[in-house]
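S.K.: Chains U and G supply the protein sequences, listed in that same order.
Sequential numbering of the first sequence, starting at 1, is according to the numbering used here.
Sequential numbering of the second sequence, starting at 1001, is according to the numbering used here.
For the record, the hints were derived by calculation from the structure and aren't laboratory data.
All the pointers check out, no bait thrown in.
Computed, partial: chain G to chain U, Cβ under 8 Å:
id, residue
1, 1014
2, 1021
3, 1082
4, 1162
5, 1166
6, 1201
Not the full set, but computed from the structure, chain G residues with beta-carbon under 8 Å of chain U:
id, residue
7, 1018
8, 1020
9, 1022
10, 1025
11, 1083
12, 1087
13, 1164
14, 1356
The following label-pair restraints were derived from C-beta to C-beta distances:
id, chain 1, residue 1, chain 2, residue 2, range
15, U, 681, G, 1286, 52 to 58 Å
16, G, 1107, U, 274, 48 to 54 Å
17, U, 374, G, 1460, 35 to 41 Å
18, U, 486, G, 1172, 22 to 28 Å
Built from N, CA and C at the ideal position, the CB exists for glycine as well.
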Amino acid sequence: MTDVAEVEPVPTVRPVAELFTGAVSALWATTYGLDLALFNEFLLGRLGDPPLNVAILADHRRLSESLARIPAERVDTLAPVNRRWLLRPVRPGGQAFHPKSYLAVTARGATLMVGSGNLSTGGLDDGREVFTTFRSGTPAGDAAITAWRAWMRNLVETLADVALAERFRDLEDRLPPPPAVTLAVPSPLLHNLDASIESQLVATVRAAETGGVDEMILAAPYYDADAIAAGQLLSDLAPRRVRLFVTASTSVNGQPLVDRLAASGARVEVAAYEPDRFVHAKLIGVISGERGWLLSGSANLSQAALTRTVGANGNVELAVLASLDPEEVRSVFIPPGLSVAPRSLESLLSLSFSSDPEPDAPAVRLVSATAVTDGRVEVISEPGVELGWQLDDLETRQPLTVTAEGRGITAAPVAGRLVQLAGADGEPLSNRVVVDDPAALAAVLVAGAARPDADRPVELGAGDLDTPLAQALVWLHRNLVMDVSERLASGPAGGIKQSEGGEQGDDDLWVRLEREKLARDPRANRYGRIWTRTALGGDEPLIELLDALRARTPTQPAITAPQGGSLLRLLLDEPVVDPKAEEASEAPGRRWKISTRIRVRARNVLRRWAAAQTDPRLVWVDPLAPAGNFAMIAAALARLYLELARDPERVELTADDLHDLWLRWLLPFVGTGAGDGWLDQLDSGSAALAAQRLPDWLPESVAALCWLAVRPGGGHRDRVLASQPLIASALSHGLLDTTQTTVDYLGMVTGTQLTLTQVDDQLLDTIAFIDDALWCARTAAELALERLELHALGSSSSVNVRIDVAGIPDPLLDPRVPRLVAAARHYRRCNGVALRAADASWRISVADGEPVGYLTGVGTATVDSTGPLMAGTLERLTATSGVLADLFPAAQVA
Amino acid sequence: MAVPSDQAEPASTRVPAPLWISASLEAKEGRDPLGLQTTTQDRLMPVLLPGILELTTRARYFSFHAFLLSEYRLKHLPSDETSLAAFIRQREWEFGLAVQRCPRHCGLSPVGARRLGNLAQGAGPFPRGESVESRLGGYGLYYRTPMAEVGVVARAGTMLGDTPIPIDVLHQTERAERLANGFRSAVEGTEYFQRKLMLTSESLPASVIDEYAEVACLCRLQEFPDEREAVQDALFGTDPPEEQPPPTEEADTTAGVLVSEGTALADAAVEQRRRSVGHFLSLVNQRPAAVDSESAYRDALWAPPELRNQAHGLIADQWAALVAKDVWQDAICSVWSDFCRAGLARSRAIGRGLTWDETREVALALVSGPPALDPEQLTTALDASLAAGTLPGPDGTPVSIAGANLETLRRLTTNLDSASSGLVVLLELARRTAERTGEGWVQASRVASGWQPSVAAVIAALETHLNDEPKIAETLWWLVSRFVLPVHERIAYSKLPEFTFRFRWEDGLLRFYDQGMGRFPLAGIRHNALTSLTQDLGLWDAGQDGTARLTERGRSFVDEVFA
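Okay, chain G solo, but in the shape it has when bound (with noise of 0.2 Å):
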């Protein structure tokens, strides 16, 4: 047994021991490594298709929750947001029970499905619970920003007089409390409204569920008109200028401002919101492949087949600049990739980071493809070569490079993941777009984000490249060091403590990092929410044969968008 070495010497006068360190970066894959991502995301989707995210996905969703926010205030329940958050969540899980064992076995998802497991297939009576941990359940994940952005709920938070409100509430408008009606009126004749059991705690039989679910289910949306329609209102429809929400006390700051802007900028949102509807709806109508295939959908929209006036041109043009920004993302997103791997070999093969010239030397080398190509050769000659090259197809076929859609040609990069092939299709995009000048084009192709100049500025850079005569290495050194290099860089520095990165400048080499070096993947366009959205809200349906076809009520709405 030791004792303490200097027994005269007091505890407090002691000499700390050395302790071995510990890290406070934490190393995480990073999902946007080069800031691409949120071009997409950040700044061209909320542009383009206001107040619906990419899980925002049933539109029954709508109605269901501001009857629960109606509900909750017609019961009195506490002014504070956990009792709400309780409530939403319960009420959630009961809804989501019923979805599953609708009666017609649509098979939807619900929120917290993760959590009913494999409850709903049992026989009941059910325990009660709550759908998802997250504060203001599924409503807060998915709906609260939709909701809030349309204008029939009002945050946490609002100004009412010089009061920030506690809890969300709707708006008191027509549009609002219509919703919300819509499915109290759905569900008003169930045993589970009727006998109030949105309030206990009691277990719930399989009947109670069961006859809730004939009506509140979300496939039964199409049943229940008015309710249907007060979705749709809520999504696309405006209050009147006596209900909308008056100007805060700070009128004269720059929050009152931007309110007294809000409104004009809510017309406005509405307004693109319908217009990138109806122009979905009529990509369906004419490629109905465009609701299964978010491939044919990205096609569709690069080169729409039918454009019924200026406003649907302009709308178009802006759908097309997101499918150009995202072909550009996976063109440079198969050079980052080659790119990394070469780096991680070469700094293997030599046991260090490599210099600057190094570097070079790695980015100089990318062309052995597949497709492979010549480093000496100038890039503009490759470039007028490409209306006779072709590119190696998934079974290696040859597929034409002229004659593939753009799309074709960014499944193709991706796939092949070299950065010669992300040349190849980037200057092949530059001589697609090169006729592009329409204003929804220049809107939407300017859009840069905060690390990445926007695919026009980057088409512009590209030109001004290639009238330097640059040799196909030197194109690629110019890709790499101007869209790969610094800007990962920052962007992992950013993210610190988070270390994402995948190579970084330390003691004048570049550092390797071998985690997660594949590619990264687009953001999502609201594919699924557009196509499941519109479906709920009976714009279209799927024919006997199966095939997507635009219903009366979708025609119409296409009509009067674009009348």
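Isolated chain U, as found in the complex (with noise of 0.2 Å):
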């Protein structure tokens, strides 16, 4: 068995991530064992904002059990409970009810799982558990969620439950339609409401087998007593080998076990996990000639769940069978972080099935109560209710009176949400349900309460909510990490221990819970589906994004992915909203008006950010966050200016705006060219990272912003001179890429005809425009000098430029001078730059490969740096706020 012990670690699925995002609009699950708690207090809070459709359907026995357990001190636990979402206890054939089914679905497509674990923290979370996950717009992702909702709607039809009826309306209103175009694919679902799900598996592989079973691969933490239903397979199959992989734990008896095996002739391996921990996951490998099978799931190796249909006293089962090459059958039995040791036959006869009896059902099954408009409550029971009985929520009883139809409404209202039924002396009759409150969890599909509105960029007010430009504000607050400061702004103090306090030297252990902090951001996640969607499908946080900027209600349709992956395609061929037709509408979208105070406080909330993209710690959330949020921006910005193209009356910020927040974005992004830039600073590992998860959109993206950023206007040699360095070491780190999508989007924004020329050319001459005056205004301003004057000296020598300066005394010790140096190579695309004092109290020339030359008044003697000045010196001072100082000896300084 080494052989199976050697294979490489199969990579893992995290449910509870994957399945319970704030993107989610409908969840609808299966589940044997139910963690209530769990769900109300944190699954569901991580699911979207109403209008929300959710809906478990749980095993009645299980659940009753559980129900029965709570006190009334806890009955307030089950608030969000047929309030927020639905619960239906199920049973239809008198077996447990097992399926573990989840059903997520967003506005851009559905997640299907399937597999072994029960909604808790063992089966999502913590414990040995299979997961077959399916998504929406793949052939087998599709042919899935069809056959899973057939299943469910014949559920639906047998419960004849009129609420869950609705609700599965909804979810189907809900879930993307089927591909129009559909590839056969045959469902890889196996139900046994009509045939045993062991039947099937076993008919799937006769139909394709040729030289019989080679190898049977069994995993299944409970069998039947005797091995009733492995022996069928075995029987049926009549595999050649057979492997067994038990825990201490594996419920069955040893001794039938290790006959039916003995009896069916296979070459028999057992194995047994390392460390011995249970394994809930069931899973039936099937091997012939190259040829594999693998049926995993909720059926274990029993009868009832493996060889009979619901109506022949089965259980409820549900899974999924998978062909696969055998390897890749063979390796999904060893669960991460355990290993295994082969045992003997003989090894299994420790085993002992422990039969778990459930307790018997009450006399009365509960089937239903629902709160009608006055609070009283109708109940449904089988039987039905008898004179007599009350309604008991565990802190009072209300007599019952009954209809014709046999149902049971309460005298008065009732206040508890638990509730039984009760004999005249008090005594429980039935199991418990969970009060139904119709009017709420009707609303809930609708819609509803918000997230608090505390929740959003500190600069935006609770009456700033309502127009799309602060809701994708907000939506960027709270997907995705813009300024880790706000995240802790609570400061160190938090988390103190009193044995902790006044040792200020253990400094790394704030560092540490800053860097916990951040690393635990649940936003964090979400640049993982930015870097993995460059095709602008699926649930990208993208198309979120837009969404949100298109206010888009529920009823019109979702932004639709186009081929290719152009963000600005995408942008040119969403529908255009129409204004009148908007206002007529009976439900009309977050409107979009002029205000001052929005634009002031969107814009700094933006600039806010902008400055906010170089701290190190974003890294602590995401190693590319800045990439990411850059990439968002630089969508939100495309969206934003053709919007204002379209209608300006329904974009706050104006032109200049956004041409100011574009550049704000772009600095810290891509640099001036001298080093200072976040893709300037990577190691070249994350550099080759950031190369190959950046949107394959945003270069063209990016060349259309910055276009726009110098487009022939007002203020144009201002906004050039301003763009310059940015556009150019946009240029060096490939983020500029005009493409034809680029020139219709640009045409599109400015209502002109343009070519791919004209547009590469504008760019280019960006990057090699001149005006040295207005260069030498806005250098002087931004260094805070009182004068500059810049001469060009021609080609000839080493120092292409000369330039005049007053304001600074001593410049090897003052950091402005690497910057204006720096500033003016890049200005001037050249190499030697040569600052003299106006008053000629001093000179410097710089150029690379050469040493620095430091005079200091009329007749006396340069002073040289300590050797050339290398490539990349400069740079390097500037992005630290160096000084020249660094380069000549300390003496010379001195």
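Two chains, two frames, some hints: make the complex.
M.R.: Quick look at the structure:
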């Protein structure tokens, strides 16, 4: 068995992180066990705002057992049940309702997970469980989701529960429509409503194999007592070899299992998981020649699960049958963190079947309890309600009157949420159910309270949120870490123990706390979605942001991702909202409105965020978080430019605001060419990762935004000078790529006909632009210098430019000097720059490859730096606010 | 070599293989499992001692950081936070070297001591470095918030017109500039300053650092009276009205209202800070051990020997309420700790979680002590017997409950770590607080957290509970079911995806987790900060016998505050 043990660990799935996200608008689950507290207190809160359709179908007996344990003191923990989401106990065939399936629907598609894990921490997070993930938009995913819908429809019809049926109809409306053209893909889901799962597995294998079954691999925590189901599998498939994975707690009587294995005639290999831990996954692998099949899901190796249908005393089960290559089948049997060790066949004799008898069902089954408008509660039971029965909410009991249909209704309102039927003597007669609140359940499907208003950028007030721009900012705030300081605003005082106080030397502790706090920010996993979806598909955050900017109402179509993954094309192709039609709509979207207040506040948010992008702590959230933030902002600005062109009344920000904001975001990302951009600071590994992961649509979008920032018009020369080093730097970083889509987009924004050559030339002209007087005025203001004059000296000497400067008495120790020289070199795209004090008290010459020369006055000797200026040295000084003195012998500086 | 099993099947139609799950929840110990620390650190301390954090321990860092912000502006360094952050961290590194090479061998621990390691013990020259990894260095970690709260720093984001300022700057007030100039005056004669070595990156000779240390070390503040006065003024002074920041352009908004109110609030905060520090000094004057022992400090806070006037009485009552709250915290912590141990043991014994009734049984049985109590005895009877009762001391010697001070009782239950000792201490706390009615007591004892009621509410609820003549076992269940069970679960859920549960209801059963089952500590009450800041400011010193005594400045301070 060592060959199995040496197989590489398989990748894993994190259902909590995958399924329970803010983008989810519907979540349906089927489960045997249900951790109500985990769902109510944590998982539900991770889902999106209303409208939200959540329904959970759980095993009736197991759920009743759980509800029966809840004391009156803890009933308040059930507050959201059957108010914010629908809980339904299910047991249609009398046996266990055992399927574990989770369907999460977002605006972009659906994800279905089918596996072995119940809705509990063990089942979804820290247990040894497997799940198969299906996504809409893939042939297998669409086939699985279609099959799940049909299976669920069947269940819903069987249950004949109106509230559930209404929710299911709503779910079907939310699900993405089936693809118009589908590949013929058989359903990978197997259920046992009509045929046993074992028979379907055997039929599939028998139809495909030609030389018999070489190998069967089995792993399950529960068998029937005498391994009858396993024996039937062995008999039906007649494998030549059987591999059996067990733990000490595998529930089966050892002797009959050994007998059946021996009787099969197969070579039997037994392996135990080590360390010995409970493994809840249920797996059946079948290998025939070079073909393999793997059955996974909820079905244990028991008769009720595997060989019976629901109508024939079987459980309700759901499984996935995958056709895999043999090695893949074998590898799945090893959970991460466990290894396997061979055991003898005789070792199985130590196993024993542990029956877990269910408590006797109460005499009366309380099917449902529903609050009617005046607070009274109507109940349905099997058998029907009888005179004298009462409804007990664990605090008080209300007498029931009986309707003609055999239903009971309380005489007065019922305050409690968890109820049971009681006899005239007060003794409980039935199981407990949570009272339905139909009004609340209906409301949550269409609208509802959003998140707390406080969860927004600090600059925005509660009254600002009703605009698409503010909504987009709120979306960014909630989904990405734009400014780590917001997250850490409470400072290090929080969490300080008495014993830790006063030890300032232990700085590492506080840094570690900071780092941990950021690393566990739930928004961090959003970045992974940015990187993995460069093709603008699925649940990409970008699409959600654009939807927020469109102020899309639920009735409006979602943005559809185009082929090729071009953001600009997507923007150009999106449906244009007709303001008149919007006004006439019964459910108008959020209105755009001119508002100076929103403008100022939104601008401040975006400026603050731009400045925060250089915060090195952002990488503690995600190594490429600044790139993700930059990409999202670029998309938002591109969308705003377009909106501004289509209807200026609908955008609070002006074109000048957008230019300003774009440059504020571009600057920290690409820098000025002096090594001062975020991209410049990356080590080679991170740089390669960034190059690999930056969205494909970014360069053409950057080209468009840069062109808009320098397009002809008022203040053109100023804008060109301000943009020049940034655009040059973007080009050098490979972030500037004019495409025909760029040109189409710019044509739409400007309303003019442009050509690709025109746009390219204008961008290149910007890089080459020269206006010495203007440059001097801007630079002097930026560096707080009294005066600057630039003189071009031609290219014959090593010094190409001379700058006369007033306001720097001590040039070697003034950090403005490297910045000035670097700025001049980039502006003039030259190497040699000489600086001269306006009062002739000093002169400095700087050129790569030559010593920096420093002359302190007429008649004095030039002092040279300790060596020639290496390429990049000046940029390093600029980036670190260094001074030229670092390049000279200390004695000379002194 | 295996080949794909279904070669006719295109990859896009293949059913994916199942994957094993991995955890999204991460098990952590959890620092405040009952939400009681937060009452101290987030609710009480900001009110009792605004503007001083637990780690704001050295007075000279106020002037040092003000100097750095001032220099940054004077040197026309870039207005971006990255550059400012690097500048601060680098200067803190050099300052840390100087402190570690203090010619007096003062032994004070500077920001960045961990990173500096043993570097300062070498002969130099010393390479440049950065103090800590955190964004704004020790300034950001320990001093930025206090300096902003006392009104000498405007933090990045503060509105200037309709634009937020990009980096932290000193307010242009006489008080802030005097603070920066104080440190500058001390160091301006050094080679480090003269040669602008804070702008270069060359290694620093030992002689430069040592000369810098001679005047800049944290321990030298007393030798620069002007600077010391400036620090004291920064902490306890206010700006004249004409220097106070104007309201922002959004004065009609909620934020604007806060800014306007903020001026008044700032004045109140200064007065509160002055009074709290004055109270601390008055305690040091009468109980010198309060500077060395937090226990002695807590004892003095509960029973201050002498109060000057009504204002002093008000502040003393506030701090006494803080002490009472911490006694309550340690009492319920003993109940919690015992309950967790007993619950885990019971769960292990029966191989599953506990039903509600079983949980109640566990709580009812938390009487084994020490001291062992009779579960059937009325709690009121136990209460009545406390005057003659004892608790076992650390060496087993009985300690008279009535004769012990409250701090001793708190420490006893901490050591005994039993629910019964917690109950005894709680009853005694209730008895001793019965007569407290002062305004300061009422204000502070009614401060609750989002998770737990205030100590006043707890004592009132206990009184109501005792009116029903419960047995001791029932009182223990009352404590568990009211202050432990529901609170911890709510807190732990709020921390997810960090999994900090010690227990939780799962499938109708209470499941216990064996992860960090011990007690949880008290939150800091700024004892170290108060001690070191006031010593740095020369408000007290250690006499020849090492006993703390107020200096003339200290006495004047107290006189002035409680005039």
